[in-house]
Amino acid sequence: MSTDQIAEMAWSADEMMTVSAARSLTNTDTCFVGIGIPSTAAILAKATHAPGLTLIYESGTIDTNPSQLPLSIGDGELAQTALTVVSIPEIFNYWLQAGRIKIGFLGAAQIDKFGNINTTIIGSSYDNPKVRLPGAGGATEIAGACIYTTIICRQSTRTFLEKIDFITSCGFGKGPGSRKEYGLTGKGPRNVITDIGILEPDPDSCELVLTQIHVNVTVEHALRSTGWALKISDNLKVTQPPTERELEILRTLNTTSNAHT
Amino acid sequence: MSTDQIAEMAWSADEMMTVSAARSLTNTDTCFVGIGIPSTAAILAKATHAPGLTLIYESGTIDTNPSQLPLSIGDGELAQTALTVVSIPEIFNYWLQAGRIKIGFLGAAQIDKFGNINTTIIGSSYDNPKVRLPGAGGATEIAGACIYTTIICRQSTRTFLEKIDFITSCGFGKGPGSRKEYGLTGKGPRNVITDIGILEPDPDSCELVLTQIHVNVTVEHALRSTGWALKISDNLKVTQPPTERELEILRTLNTTSNAHT
Amino acid sequence: MIRTLSDAIKDLVHDGESVAMEGFTHLIPFSAADEIIRQGIKDLTLIRMTPDLIYDRMIGAGCASKLVFSWGGNPGVGSLHRFRDAIENSWPRPLEIEEHTHAGLANRYLAGASGLPFAILRGYQGSDLLDHTENVKIIDCPFTGERLAAVKAINPDVTIIHAQQADRNGNVLLWGITGIQKEAALAAKKVIVTVEEIVESFEPKMNSAIIPAFVISAICICPKGSAPSYALDYYERDNDAYIAWNIISKERETFVAWLDKEVLNSPVDVVQS
Amino acid sequence: MIRTLSDAIKDLVHDGESVAMEGFTHLIPFSAADEIIRQGIKDLTLIRMTPDLIYDRMIGAGCASKLVFSWGGNPGVGSLHRFRDAIENSWPRPLEIEEHTHAGLANRYLAGASGLPFAILRGYQGSDLLDHTENVKIIDCPFTGERLAAVKAINPDVTIIHAQQADRNGNVLLWGITGIQKEAALAAKKVIVTVEEIVESFEPKMNSAIIPAFVISAICICPKGSAPSYALDYYERDNDAYIAWNIISKERETFVAWLDKEVLNSPVDVVQS
Numbered sequence: 001m002s003t004d005q006i007a008e009m010a011w012s013a014d015e016m017m018t019v020s021a022a023r024s025l026t027n028t029d030t031c032f033v034g035i036g037i038p039s040t041a042a043i044l045a046k047a048t049h050a051p052g053l054t055l056i057y058e059s060g061t062i063d064t065n066p067s068q069l070p071l072s073i074g075d076g077e078l079a080q081t082a083l084t085v086v087s088i089p090e091i092f093n094y095w096l097q098a099g100r101i102k103i104g105f106l107g108a109a110q111i112d113k114f115g116n117i118n119t120t121i122i123g124s125s126y127d128n129p130k131v132r133l134p135g136a137g138g139a140t141e142i143a144g145a146c147i148y149t150t151i152i153c154r155q156s157t158r159t160f161l162e163k164i165d166f167i168t169s170c171g172f173g174k175g176p177g178s179r180k181e182y183g184l185t186g187k188g189p190r191n192v193i194t195d196i197g198i199l200e201p202d203p204d205s206c207e208l209v210l211t212q213i214h215v216n217v218t219v220e221h222a223l224r225s226t227g228w229a230l231k232i233s234d235n236l237k238v239t240q241p242p243t244e245r246e247l248e249i250l251r252t253l254n255t256t257s258n259a260h261t
Numbered sequence: 001m002s003t004d005q006i007a008e009m010a011w012s013a014d015e016m017m018t019v020s021a022a023r024s025l026t027n028t029d030t031c032f033v034g035i036g037i038p039s040t041a042a043i044l045a046k047a048t049h050a051p052g053l054t055l056i057y058e059s060g061t062i063d064t065n066p067s068q069l070p071l072s073i074g075d076g077e078l079a080q081t082a083l084t085v086v087s088i089p090e091i092f093n094y095w096l097q098a099g100r101i102k103i104g105f106l107g108a109a110q111i112d113k114f115g116n117i118n119t120t121i122i123g124s125s126y127d128n129p130k131v132r133l134p135g136a137g138g139a140t141e142i143a144g145a146c147i148y149t150t151i152i153c154r155q156s157t158r159t160f161l162e163k164i165d166f167i168t169s170c171g172f173g174k175g176p177g178s179r180k181e182y183g184l185t186g187k188g189p190r191n192v193i194t195d196i197g198i199l200e201p202d203p204d205s206c207e208l209v210l211t212q213i214h215v216n217v218t219v220e221h222a223l224r225s226t227g228w229a230l231k232i233s234d235n236l237k238v239t240q241p242p243t244e245r246e247l248e249i250l251r252t253l254n255t256t257s258n259a260h261t
Numbered sequence: 001m002i003r004t005l006s007d008a009i010k011d012l013v014h015d016g017e018s019v020a021m022e023g024f025t026h027l028i029p030f031s032a033a034d035e036i037i038r039q040g041i042k043d044l045t046l047i048r049m050t051p052d053l054i055y056d057r058m059i060g061a062g063c064a065s066k067l068v069f070s071w072g073g074n075p076g077v078g079s080l081h082r083f084r085d086a087i088e089n090s091w092p093r094p095l096e097i098e099e100h101t102h103a104g105l106a107n108r109y110l111a112g113a114s115g116l117p118f119a120i121l122r123g124y125q126g127s128d129l130l131d132h133t134e135n136v137k138i139i140d141c142p143f144t145g146e147r148l149a150a151v152k153a154i155n156p157d158v159t160i161i162h163a164q165q166a167d168r169n170g171n172v173l174l175w176g177i178t179g180i181q182k183e184a185a186l187a188a189k190k191v192i193v194t195v196e197e198i199v200e201s202f203e204p205k206m207n208s209a210i211i212p213a214f215v216i217s218a219i220c221i222c223p224k225g226s227a228p229s230y231a232l233d234y235y236e237r238d239n240d241a242y243i244a245w246n247i248i249s250k251e252r253e254t255f256v257a258w259l260d261k262e263v264l265n266s267p268v269d270v271v272q273s
Numbered sequence: 001m002i003r004t005l006s007d008a009i010k011d012l013v014h015d016g017e018s019v020a021m022e023g024f025t026h027l028i029p030f031s032a033a034d035e036i037i038r039q040g041i042k043d044l045t046l047i048r049m050t051p052d053l054i055y056d057r058m059i060g061a062g063c064a065s066k067l068v069f070s071w072g073g074n075p076g077v078g079s080l081h082r083f084r085d086a087i088e089n090s091w092p093r094p095l096e097i098e099e100h101t102h103a104g105l106a107n108r109y110l111a112g113a114s115g116l117p118f119a120i121l122r123g124y125q126g127s128d129l130l131d132h133t134e135n136v137k138i139i140d141c142p143f144t145g146e147r148l149a150a151v152k153a154i155n156p157d158v159t160i161i162h163a164q165q166a167d168r169n170g171n172v173l174l175w176g177i178t179g180i181q182k183e184a185a186l187a188a189k190k191v192i193v194t195v196e197e198i199v200e201s202f203e204p205k206m207n208s209a210i211i212p213a214f215v216i217s218a219i220c221i222c223p224k225g226s227a228p229s230y231a232l233d234y235y236e237r238d239n240d241a242y243i244a245w246n247i248i249s250k251e252r253e254t255f256v257a258w259l260d261k262e263v264l265n266s267p268v269d270v271v272q273s
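Residue numbers (the numbering used here), protein chains in the order written: chain A, 1 to 261; chain B, 1 to 261; chain C, 1 to 273; chain D, 1 to 273.
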């Protein structure tokens, strides 16, 4: 982006990403939420257009209604405002694994064109990693069992790679047919929402295609920020800018949190 | 028994059986209790010499303290006086199956000399039974997983059989080695307590042997009431008669219940 | 989502479906059963750990062609006569049975609720039941080689349960002996919950379970909907009714007369929120 | 059964054992961890879904030779630096790791608590983790042929958890996010529970779990025993301490100075009932 474009923007790229992710959720969705920007986006959706959205965290909190952003996935706020809290085996076995959750909201340190994500290690050796990341947590089974997943992460050539260092959680694996081969019951990534735009899988090839670009971002910038030859949809849409209300509520949420996301 | 013997008795044969079963429990035992006489005996033990006894019912009630006899295994009294109530999968998987319960108290419609019991059908055909009994309920896994079981039932040639019509719950199966072959983790029947006496398995052959006879009952009567050639212990003991306190508490319990056991 | 019982049964329970009506001694959904009888729904595969009086009524009324169960008695009283008459004499029609142990059937529900095709347990082995039941296989542990029972998941077309309370959003709270209800509900394709009452908010209870609205198809307000079983903190178990059932159900004639008077000509009160 | 923490750790936790200290964000047993560090216990196999600050301290202090885990970050903040330094640079000693997914490790505890040698789940497949972890195998469903993950049961030598309350008989009540604590406790050979306080009787709480005395080895009274995590209705999560840890733990020198001052020379208060 040019400095002019940046100067024009009344919002940050992260804000545009978070607002876009929030908009992807509807009032009747159930959403399994990871901590960080995915959680911020889900809470923003609930505070704006989707008050009926059901939020579920892997800490076992079902239909929780936090008024501020939790720092951890098991903050007291999440338990106190939940319809119910169940044990960890129950949340994974009865709720996630059984395919009851429509959308899984996930982050990623690296992602490839089939929506496979890495949150485990950076480097070529699992045993001697250059950087040791936190690992799978709930992500592997969220990616497997939610009806759809949405992956939310900043887009750059460091994160959007032809080949990622480790597949922690499967998107479309090696392409069409992989999910079935692995016995994954959900349909896989519905979209990847970034600070640049929105990518969606091609229904035939399963490859992620840029289908939407945020206002004031160029296609050239999108191409330069992707480590593979990114395909652009013939029908590329432009994201509506954040509304005043979306920005106001998002910024209020961010000030109520200690989260360094 | 002669009519003289009966006239002398200040208690019934069922009362002697129930008191004997109660006495077999200690203050530190945990006991998985079936409904009917097993439940009466366990509650009697807790009301007399074993106040610390932990009672567990398959309805999920753990450490329950009923003041009266429940008619069903899930009476409100059992839930209201319990330390905690857990779900049915939890009581069977986490508590029974894991081998946490020392004694399982079971009844039987038929029993053989290896302590195998039938509560399923009377007759030669499972598909066209002469009498359809209730079936396994919790008994099969209680017989498998409790550290020991105690079987409580009236002794007669209709119930104590060389070959029972159906093995619902395994005692020692076909004899030594069977429990291991079936993967049963508990040690099997510790004793069978009847209205005539107490039978215990021979450590080598696993065959039930009469080791104790109730006061005023003859060995001849025991032999005539058993459908196999009952072995009598060289060291046959005689049961102490019920104490006044045992009888008084037992009779009070029986009057507080609707149970027709 | 809050509907009359007759509408909910009409829309959600159909001839030939598999129906689980659970509640372990406590919170047995009798009102819903009576409505199924009144609507003349047939050829059901009835699933329940303890058929109890609820299925004795339905079997005697001719609703069932198959029964999946694990203990078929009148608790503390004796036999279920209609259940026995169906098995021993095929009256009023033949009844196929699939018999399990409590632990086995509980784990079939658990697998169903978990979205798994099967569950494992230490069970059935050493019992003749293994030779006479379906949906149980013995498998080897891939780590230790131990032999264990595998039971196939059960996923009823409809599960019906009774609970003490629902809120206005259709979330359900039950407490006391919660039995297998959560698993039976989560294993099913459709879920009907009858409740004692609708409340504004839930108060903390010892040993409670909450079932969120988003897995429930219909809520029906049925005060005393689990009598003659009980609803903890609402009414007690009617032990006399369980004892009286032994007489009523013993002969076909007395049963038919009772059914006619107490169920077929005794329509449910229409309660709407 | 109610004992001082130092006595309980001395008697029940030994060099070379496997130790699970659970609490999912909530009720993390920090006081017990600090006492293990003070007693210089070594060569532990530490098991925990989220190593969190509690194991970052213990790993940095040299207590562990192996870690079994499923998510190793500082929640909402970033990396666990002592965990990374051990894996990336073998400081203060090499740390073997066995890595799982949350669902996988939760089911390993579940199998352990159930007395089963393994559990099954839909998991791990499609992830490279399958090639780099132990105790996971892919098996076929005996009914449908579907391929599922089997995870081996985990049965720690000792499980340590923190709870809000115990009664005088040694029964334990916890509420709020109850996590994996019941399964971790029931899977273990020995169980230590630190509690905020002893109460005369338990009041009903939403979403509570009770662990009966007869499966517990020792209860220790440790007020604020889960700080800087939190105990619902007692104290809140100290988010600032989680953020500050990022600075303290980043360099070995600042960590060692902190450990020396805040743990090694800061003995636990002796609280006896």
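What the hints contain is simulated information worked out from the structure, not anything from laboratory work. Here the structure is a predicted model, which is why all the values come from computation and not from measurement. One thing to keep in mind: the hints can contain errors.
Okay, derived cross-link-like pairs now, BS3-like style, lysine-lysine, Cα gap no bigger than 25 Å in a straight line [said to hold, decoys possible]:
#, chain 1, residue 1, chain 2, residue 2
1, A, LYS187, D, LYS137
2, A, LYS174, A, LYS163
3, C, LYS10, C, LYS190
4, D, LYS224, D, LYS261
5, D, LYS261, C, LYS205
6, A, LYS102, C, LYS189
7, C, LYS189, B, LYS130
8, B, LYS187, D, LYS189
9, A, LYS130, D, LYS250
10, B, LYS180, B, LYS130
11, C, LYS10, A, LYS187
12, C, LYS250, C, LYS10
13, A, LYS102, A, LYS163
14, A, LYS187, A, LYS163
15, D, LYS189, B, LYS102
16, D, LYS10, D, LYS250
17, D, LYS42, D, LYS205
18, A, LYS187, A, LYS174
19, B, LYS174, C, LYS137
20, D, LYS66, D, LYS10
21, A, LYS102, C, LYS190
22, A, LYS180, D, LYS137
23, B, LYS187, B, LYS130
24, A, LYS187, C, LYS205
25, D, LYS190, B, LYS102
26, D, LYS137, A, LYS174
27, A, LYS180, C, LYS189
28, B, LYS180, D, LYS189
29, B, LYS130, C, LYS250
30, D, LYS190, B, LYS187
31, D, LYS250, C, LYS137
32, B, LYS174, B, LYS163
33, A, LYS187, A, LYS130
34, A, LYS130, D, LYS66
35, B, LYS187, C, LYS137
Each hint, compared with the structure:
1. LYS187/A to LYS137/D: It holds: about 24 Å lies between the C-alpha atoms, which stays within 25 Å.
2. LYS174/A to LYS163/A: holds (11 Å)
3. LYS10/C to LYS190/C: holds (13 Å)
4. LYS224/D to LYS261/D: Status holds; Cα separation ~18 Å.
5. LYS261/D to LYS205/C: violated (44 Å)
6. LYS102/A to LYS189/C: holds (16 Å)
7. LYS189/C to LYS130/B: violated (38 Å)
8. LYS187/B to LYS189/D: Distance of about 20 Å is within 25 Å: holds.
9. LYS130/A to LYS250/D: holds (16 Å)
10. LYS180/B to LYS130/B: Violated - the C-alpha atoms of LYS130/B and LYS180/B are around 33 Å apart, more than 25 Å.
11. LYS10/C to LYS187/A: violated (33 Å)
12. LYS250/C to LYS10/C: violated (31 Å)
13. LYS102/A to LYS163/A: Violated: LYS102/A and LYS163/A sit about 28 Å apart, past 25 Å.
14. LYS187/A to LYS163/A: The hint holds at about 22 Å.
15. LYS189/D to LYS102/B: Roughly 16 Å between the alpha carbons, so the hint for LYS189/D and LYS102/B holds.
16. LYS10/D to LYS250/D: violated (31 Å)
17. LYS42/D to LYS205/D: Answer violated: LYS42/D to LYS205/D is near 38 Å, above 25 Å.
18. LYS187/A to LYS174/A: holds (15 Å)
19. LYS174/B to LYS137/C: Measuring from Cα to Cα gives roughly 21 Å; hence the hint holds.
20. LYS66/D to LYS10/D: Status holds; Cα separation ~21 Å.
21. LYS102/A to LYS190/C: Roughly 17 Å separates the two Cα atoms, so the pair holds.
22. LYS180/A to LYS137/D: The given pair, whose Cα atoms are some 18 Å apart, holds under the 25 Å limit.
23. LYS187/B to LYS130/B: violated (33 Å)
24. LYS187/A to LYS205/C: violated (39 Å)
25. LYS190/D to LYS102/B: holds (18 Å)
26. LYS137/D to LYS174/A: holds (21 Å)
27. LYS180/A to LYS189/C: holds (23 Å)
28. LYS180/B to LYS189/D: Given that 25 Å is the threshold and the Cα spacing comes to 23 Å, the pair holds.
29. LYS130/B to LYS250/C: Status holds; Cα separation ~16 Å.
30. LYS190/D to LYS187/B: holds (23 Å)
31. LYS250/D to LYS137/C: At roughly 54 Å apart (the allowed maximum being 25 Å), LYS137/C and LYS250/D break the hint.
32. LYS174/B to LYS163/B: holds (11 Å)
33. LYS187/A to LYS130/A: Violated, because 33 Å separates the two Cα atoms, which is more than 25 Å.
34. LYS130/A to LYS66/D: Holds: LYS130/A and LYS66/D sit about 20 Å apart, inside 25 Å.
35. LYS187/B to LYS137/C: Judged against 25 Å, a Cα distance of about 24 Å means the pair holds.
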